[in-house]
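Chemist: Chains as they are written, first to last, in this note's numbering: chain F, 415 to 495; chain L, 71 to 336.
The set of hints was computed from the structure by calculation and includes no laboratory data.
Check the hints yourself; a few may be wrong.
[As the list claims (entries may be wrong)] What the simulated footprint calls covered on chain F by chain L, stretch by stretch (three residues with Cβ under 8 Å from a Cβ of chain L suffice, anywhere in the stretch; the number is not a length):
#, segment
1, 416 to 428
2, 435 to 441
[What the hints assert, rightly or not] Distance condition first, Cα-Cα at most 25 Å in a straight line; then the derived SDA-like pairs of lysine to any residue:
#, chain 1, residue 1, chain 2, residue 2
3, L, Lys-74, F, Ser-442
4, L, Lys-289, L, Ala-215
5, F, Lys-490, L, Ile-264
6, L, Lys-254, F, Leu-481
7, L, Lys-279, L, Val-309
This one's a predicted model, so the numbers in the text were calculated from it and none came from an experiment.
Glycine included, C-beta positions come from ideal geometry on N, C-alpha and C.
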Amino acid sequence: MILAFDIIILIFMVVAAIIALNVKDLLSAAMIYGIYGFLICLLWAEMGAVDVAFTEASVGAGVSAVLFIATVYNTKRKSSD
Amino acid sequence: MLSKVFATIAVVITGGLLLYGVMDFPAFGDPHSPPNAGVKGGGESISQYFITQTYRDTKVPNIVTAVLADYRGYDTMFETVVIFAAGMAIFAILRVVGDNNDPTKKELSSDDALSQKGDHNRIIIGTTCRIIIPIVQLFGLYVVAHGHHSPGGGFQGGVLLGSSFILLALSQNLNAALRRFSEKNYFTLAATGILIYAGFGVACQILEKNFLDYGVLQKVLFTDGPEMARSHSMLGVEVGVAFTVTAIMFSIYANLSSRGTLKDGL
Chain F
415 MILAFDIIIL
425 IFMVVAAIIA
435 LNVKDLLSAA
445 MIYGIYGFLI
455 CLLWAEMGAV
465 DVAFTEASVG
475 AGVSAVLFIA
485 TVYNTKRKSS
495 D
Chain L
71 MLSKVFATIA
81 VVITGGLLLY
91 GVMDFPAFGD
101 PHSPPNAGVK
111 GGGESISQYF
121 ITQTYRDTKV
131 PNIVTAVLAD
141 YRGYDTMFET
151 VVIFAAGMAI
161 FAILRVVGDN
171 NDPTKKELSS
181 DDALSQKGDH
191 NRIIIGTTCR
201 IIIPIVQLFG
211 LYVVAHGHHS
221 PGGGFQGGVL
231 LGSSFILLAL
241 SQNLNAALRR
251 FSEKNYFTLA
261 ATGILIYAGF
271 GVACQILEKN
281 FLDYGVLQKV
291 LFTDGPEMAR
301 SHSMLGVEVG
311 VAFTVTAIMF
321 SIYANLSSRG
331 TLKDGL
């Protein structure tokens, strides 16, 4: 476990989560959620849980972001709040 | 506005309680914590058992796969069933049978860039995906087949295989992907995956052992001992999981992106 690496990733994760919640454009929110998933995958890989990191990279950062984009495509693109 | 203030207070209180709970956790990687060292006078812990005995019991180097597919196989079987049920639920909610013009589609404002029909003959994206998709599929098959020796397994490999079909639908159009992997085929594949998994369990019962107790399958698989039978059964079970996950991932995408019509999607 490398502490400095962990802290940098955790800061980026918090920033990505806040931006994903606040951004008005839902397509951008889906993209930033993908970035959040990838950062959490990096954190798990660094902590030695490679199987979990692999699942997160494929499901969290890959497929779920694509599913969000497919949903945005069929609804409105802008958030109302 | 007021509701946002209350929501923030609730989130801060919940987060504070969670952080307070984390303070009782042992340090990361502490060898003397109860999960790693066991309770005093209570013998070795379950983690110690898995770390020292998994290779002797099953001849599988990846402990995570051994725990998921063998020691905890019943749980993983129903995880697969949950994924199947999720695909069925999305099918039941979204799928529109028969041809009807969707009126909601036209209400979208014209400045929604995504809702406009893009040019599906984009040459750079099409060519890149044509090269990438076979590599993704090959890697997915490797992840499934090698899941008990290196990180990976049925879920991850299945997602990779499913996303290769999603990539095909994204780079060309949904029909190009559905021509290769039709609705009938993917639901058959999804059900087959669960039947393979449950079949391994029932085969153990027929040979007069417990459900999913793979060791007894050595009589059928002609292996040297129960250890290799467990290793091979884990591979078979992972293939079943991969079938279901591949099919359901693509079915969810196909239904979501085309509003259940399976005609012109993203």
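Chemist: Now look at each hint and say whether the structure bears it out.
Modeler: Hint check results:
1. 416 to 428: Not satisfied, violated; 0 residues make the cut.
2. 435 to 441: Contact hint for the segment 435 to 441 of chain F vs chain L: violated, 1 residues under 8 Å.
3. L:Lys-74 / F:Ser-442: Holds, at roughly 22 Å.
4. L:Lys-289 / L:Ala-215: holds, 23 Å
5. F:Lys-490 / L:Ile-264: violated, 37 Å
6. L:Lys-254 / F:Leu-481: Given that 25 Å is the threshold and the Cα spacing comes to 21 Å, the pair holds.
7. L:Lys-279 / L:Val-309: holds, 22 Å
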